[in-house]
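Combine both chains into one complex, guided by the hints.
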Amino acid sequence: MEKQGRIRSRGIEVNTMIILDASGFNKEPHDLIDDRLAFIEAVRSASIAPVNGIAPTKKMCAAIFQIMKDEGSLELIMASYQLLTELDKHFPRVYASIVEKSESPSPGSVLELVVVEEAWSPFIFGSDCEREDDNRNSGSLDFSGFEILIQDLAKVAVGRKIEEFETKYLRSMVLLQYIFSVLQGDFLPRNSVFKENMDWNLLTVSLLNILLGSRRISYKDLIKGCLSIICEMSHLHAELSDDMTLPKSSAAELFKSCDTDLAISFPEVRKCVFTALQKFLLMAMELDASRKKADTLGLTTRADGVRTPVVEIIQDELTYNGDAISPFFQVFNEPKWKMEIIVQYFQKYIAKPSVRTRRTSEPIDDATFDGVLKCFSNINSVKSITKKISIEVAQLLLAHGFQAYLSLSFQHSAEGNYKSKEDVKDNSMAEVCKNIISAFMNLRRIDEHVEILPFGKEALFTAATILSTKS
Amino acid sequence: MMDVDEPLDFESEDHRLRKAPAATKRRKKVIGLDDLVNDHLKENKKLELKSKRAKARKDYFSDEDDDIREAKLSECVEKCQQEMGQISGDEEICLWGLQVFGKQKTLPQLAFHELGSCGLLQSFRGNELNSLVELDIEKGEAFLERLLVNGWLLKLLDTCGHVEKSIATWTCNLMLYSEQEVLSASACDFWISILSPTSKIKIDWLPKYSEIKRALEIYGFRSDLPSKFSSDVEMVNTDSDCGGPPQNIRAWIKYVAACVQVRKYSIISTSEAEELIVVLIYLFLDRLLLGLSVILRECMHSVINFFTDKEWSTSCEEVAKSIACRVPKDMNCLRTVESISGVDERSKHLRRAVAFQILVACLDIKATDAEEILRFLISINVKEKSCDLFKIYIYLVLSENWLLHNPTLEDKPVIHKLWGVYLRHCSCQITSTDLRSYASKVRSKASYLLQGTSSK
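These protein sequence lines map, in sequence, to chains W and A. So in full-length UniProt numbering, the last spot in the first sequence is 471, and the numbers never skip. So in full-length UniProt numbering, the last spot in the second sequence is 456, and the numbers never skip.
Careful: at least some of the hints might be erroneous.
For lysine to any residue, the following SDA-like pairs were computed, each having C-alpha atoms within a straight-line distance of at most 20 Å [stated by the list, open to error]:
(1) W:Lys470 <-> A:Phe124
(2) A:Lys264 <-> A:Pro197
(3) A:Lys200 <-> W:Leu408
(4) W:Lys470 <-> A:Lys391
(5) A:Lys165 <-> W:Asp31
(6) A:Lys391 <-> W:Asp31
(7) W:Lys336 <-> W:Ser326
FYI, nobody ran anything at the bench for these hints, they're computed from the structure.
Bound conformation, chain A alone (with noise of 0.2 Å):
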């Protein structure tokens, strides 16, 4: 049994939960060139004494001495500092990320006039219980809005088993549009449960795609991003005002996902599903949407799932050319690959197809086979000084990604021969001494995937 009597120490818990010791270990590491400065002012604050002592004994001498003698610590310090520089922060600091979203565009007006005469409304009128519930029809989308977030208008719904088409766009307006968080959640909430397949409601109006193409343009998505730029100047700068989605991107996102779930009402096609992974995969670049990334997934999730099983194999390589033809060939296209969760057999599969996509993009040449990329890939010489590491890692990520667990190269021991030669090629020829950018990046990945290889 566990001790009673032992008083709770909640201090030392604290402590614990929120440090861990090997992080105070690490960051010490960290600041090696704060100890240096450190010591280069314990040193002068020895010379500092020393002078005063010499001083005592001999006026006339140390000034200049003392200066000379700082002035060459300080330099020794400098050209320490600027090697170490060179040695750990020569490294750029390559970190995915776009601006997938620029200035929005005005929300629509939200004022809805017909909604006085809805149906829902009107029917209560002269009833004689309005002496306690005073509705003003005047006022009635504030009722209608209260409706809606308690709980209410889905319960009215439910029972009528009729969705009048008035509600149904203003509902849709709200979610993809007002500002309070609290509507557009709410809505939302309301679309997912009229749209569930056990739902028996008839809806007289639904939002097609255009709807939700046009919601996102208004939230400022750039759907023209240039393919190629350098990645720092689009780095997003989160005190910058650029503003990024509204709130209601939730909104969207969530509604994605449940009306892709229902082909009943063909609210999508499987062209606008496929480009609607191609946005997916966007939003999944952008850092602000990082603490979405689940909702993000589940909606990935519900939309490759869309597709009936014939449409899937060609529709997978479709999105995952275009997709390779679009996100620039940074770490962005790697971040691209790990945003596909690859946990069942559909998002493997894409993101295979992305990965592999992607490297013959890169590669920038003609050829499409196993083989042939691999062998180009060994061509490589990674010991010229001018090879670009950076993008050897990039290939050796999304080679990785193409042809693990690939089911599709499963019978080919070439294919196999030849990644165990390429993986070998990079974790051995790149020495440890290597100071070039990427290179113990290349080296460390190479050598943990060749342990995987040999070990099978």
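Isolated chain W (complex conformation) (with noise of 0.2 Å):
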């Protein structure tokens, strides 16, 4: 059966290949262009189109990855990258399944990883070097290809304006957003599964685990050039449209010097990239948790080597570019590590260095929002915090915060099995805009004549309407 199979799909090789073929003919250009997109309208038809299509093969999916990566046109890449996703929909390479289990003490379903072994990947991670080679054809990602990608899209994002923006870039940021949703479909599932059997060596395995431990890669850049992507993509951004004082300026205008499909295109693709950024992010973050989980059980060894964590990168970041906060959070909004990484800002200059201690899993009471606030509330201590950090900045993370505070509160009402607690949970919103108003007096009370930067008086407009509503 199986055997069969990989005589079908080796057939369906040879025969797909063959349309890339123009080794004999005299080509133009468009009849390149032409020749690859019956091809992967080929694939589409051989593996998505029938009810029992079969994957195709490693080289078929390179052929396409390489199309997606070295194209110029825009047809190509956006082709490549659809069929592609699609793809590893249908045919994913790791997946978590419910199998059921009646021997076992505690019958029942029990979640299992599947991996299939001999799918494509569009990475050569922790190949031995000579294979390395053998892969240098075949159009893969290394480590130094991934940093490259990263680096190249924060150069881009810095140095040029939009008028420059070219195809070239359009395709890296496909390519990156590409990169990152395999990641994720190879890390959830073994997440997940983690979650259930605690098989540390499932995500030990993982791409993301040895992508950000390997030593061929610097990984505090890594964070950083995604960090800086985040910052300058939104300065585009700011440069296009964000002035609001200003007189509608029209982003087309902006755009006449580029191609109105690029222009059109350019808002939606960095969108998505950011997305993609934040997911990426996440699920960093969501590794080291794992990670903490498994070191508490002991599961992991030396080999697993040390890393910082991202959301202490994150937060050296912000402390040294002050600029970065408002950008970072408005594209990194996932309210639960939003609010982790503005508590543990503040934590670094409110807490007592003879509390602090790097390995309780007590909470201690300034590890929340509400222990923040607290310190807020008290203008003695705020004057102490200001003097480590500005009120500008104090103000950013307070109003982020409570952003950050009030997505939380929703999540959990609209999960809805809080019903009976639901008074409460009133309670304690009105005291958290209570708080973030009288934290915001205090800022004034400090100085006179200090301004209220417009974000923090949307946050005190939010807070004193939500009282008024509640109350």
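Structure representation (structure tokens):
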């Protein structure tokens, strides 16, 4: 049965790959594009269209990836990207499946990880050198390829004006999205099975762990690269249309010098890149969290190495570069981890060193947003905090923390299982609103002339309005 | 383990990333004509040298002789060029692409005077906190814009569970017409989230299908696109100021995707959803929107899944017919079929149906029976000089999409047999030396498909 399948897929490979073969013909550029489109369509119709389609072979996948990575035609880039994501959906490399177990001591269903060993991957991580050379032609990405991609995008974002925006950058952005979705497809099922059975090995061999733990790339630079892509691309965005006070400046005007098709796609692709970057950072954070769990259970070994948690790197970066706070939290709005970063940031300046121990699992009082707000209700501690962080930064962090708090509380209420505790929750929400207001009042009390940032004003308005509807 | 000591070689990596070695080889082939010219120039140089030598010997003889030789050579080169042009360049470049958006109408005024009186701002009046917030009701709109962009507005409405009409109309207008990308996108996110099935917010006013349609008209959408015109006239010229749709088209697509997902508000009816599918197909045909194909596909997916199973079986056929009579019968109709993703049951169904209806419309015959259509296709003599192979190519691709993996034809061996006959017909009767345009395309497509049928 399996053998038959292999023969069939081999047959499809030969037939489809021939479409790409341009040797012996004098082909015009548009013919080459046509051939590649025909190839993509052929793979689609062989693998996705039939009810029991077979996954394309490695060679075919590599060819599609190569098209996405190297082509200059928007049509081909989009078509190959879509086919690859579609194929990943149909033929996942890794997935969790529920296995019914009746014999085991505890009958019921168990989550198990299924890894398709022979599946193609756009990465060639952790392979020996020989194979790497072998793979050079297949166009897969290795560690440095990945690093370069991030650096390139960061550079593009810094140095370029929107007028210089070209298909090339759009392509890198699309490529990055795909890469992250592959990492995610590999990591998420592993992590969810890990949470069930605590098998740390599942995560050690995950692409994400191999990538982040590799000594071939600078892990910190990678994370910083992600941050700088976020910040710089947000600036582009700001240049385009963020200035609220100016009379309507048409985005189309600014785009006039570049092609309209790129101009229309750019905001969309950028948004997707932001989402992808956020997903990547979140995955890294989840990995850190799982790692911590494994650590406490004594499952990790020395081979696992040491790595600074992502949250710490981000928080350091935000400390040194205050300008990054606004754009970063604009993009990174997953409430749970946003709150984590903000609370850790404050903790650094609020917590007394004697209390602070690295590996306590018990919650300390100020390790929550409530704790932070409590500190801001005391004028003396506000004074001492503002000696270490500027009033602007404090405002921004408080307001973003408040936003994350609101999101979290709506998430809980949407899940809907807290019906009986509704009053308690409302009370605490009112409490938090009051505390936010008094925190800002205290900031003003320290310095009469302190300017409340627009974002702070919006937070205050929100807090006051919520209070008035609750009362 | 990996080799840690080995330095990172960015340069070579970089090089490898950008340039496939194969690409350069091919490029060489493409500029074959330039090579010819180069050779010609080299030849000229040689001649020059020769003539100089000759001149040194015999002053009176050389000039004329050289001229003749030169003329002969360039004549030869020209002839070569012409012949090559006939072989490779004769193939007309047929690309898909319609200019779906014409001139934009003026966007409606966005000033909202009643916004100042909206409850949200009014309730804040006289709040003691205003010494900090310094809210000026006159500039209420700018403040609300910031609340919207920064996500506060959604949080506020989540707590009060109610969207006033003034806020609803204002955000809807921003979404569809604001020239500031950030406002349009934020308003769109706002609507997607209040329309989400988990949201319990009460909404006083909803933009109905008429609003959606009106927006499209204002963007310059040409719903009256003629179904037959030469495609090269309509080829999108990116550097002309034809404008294309405004940025808001993205918000439009996303809003449509969101509002067809919630049936409880009945924002659109079944027939309107059918119309939307046709509109989306048109959007796929505009090259300017190529970069948006991901969200266009998502939108198409949502609209297709709007229908109940019962509605779908009839609506699908209706939509297919309506598309078939409107789409130009050139490369655009192939793009039409290919733009339907065909990843789930419904879109596979639609893809088959559209391919079939377009094929029927192209053939211009009365038959709608699969067997008759195939017999008709087989009866076309592809060997005949006057036979338009471009059309044959289109028929071939359309029938492929209609017949392959078609569950309704699974138990009809006759159809499969005829399909095989037709493919053999196309692949064998056109020789590899046939210089007609699309000859090689038809031949290779047919033989590729033939491989598929024989391996079964």
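Hint by hint, here is what the structure shows:
1. W:Lys470 <-> A:Phe124: With Cα atoms ~14 Å apart, lysine 470 (chain W) and phenylalanine 124 (chain A) stay inside 20 Å; holds.
2. A:Lys264 <-> A:Pro197: holds, 9 Å
3. A:Lys200 <-> W:Leu408: holds, 16 Å
4. W:Lys470 <-> A:Lys391: violated, 69 Å
5. A:Lys165 <-> W:Asp31: With a Cα-Cα distance of about 54 Å, the restraint between lysine 165 (chain A) and aspartate 31 (chain W) is violated, given a limit of 20 Å.
6. A:Lys391 <-> W:Asp31: Roughly 18 Å between the alpha carbons, so the hint for lysine 391 (chain A) and aspartate 31 (chain W) holds.
7. W:Lys336 <-> W:Ser326: Since the Cα atoms of lysine 336 (chain W) and serine 326 (chain W) sit roughly 17 Å apart, the hinted pair holds (cutoff 20 Å).
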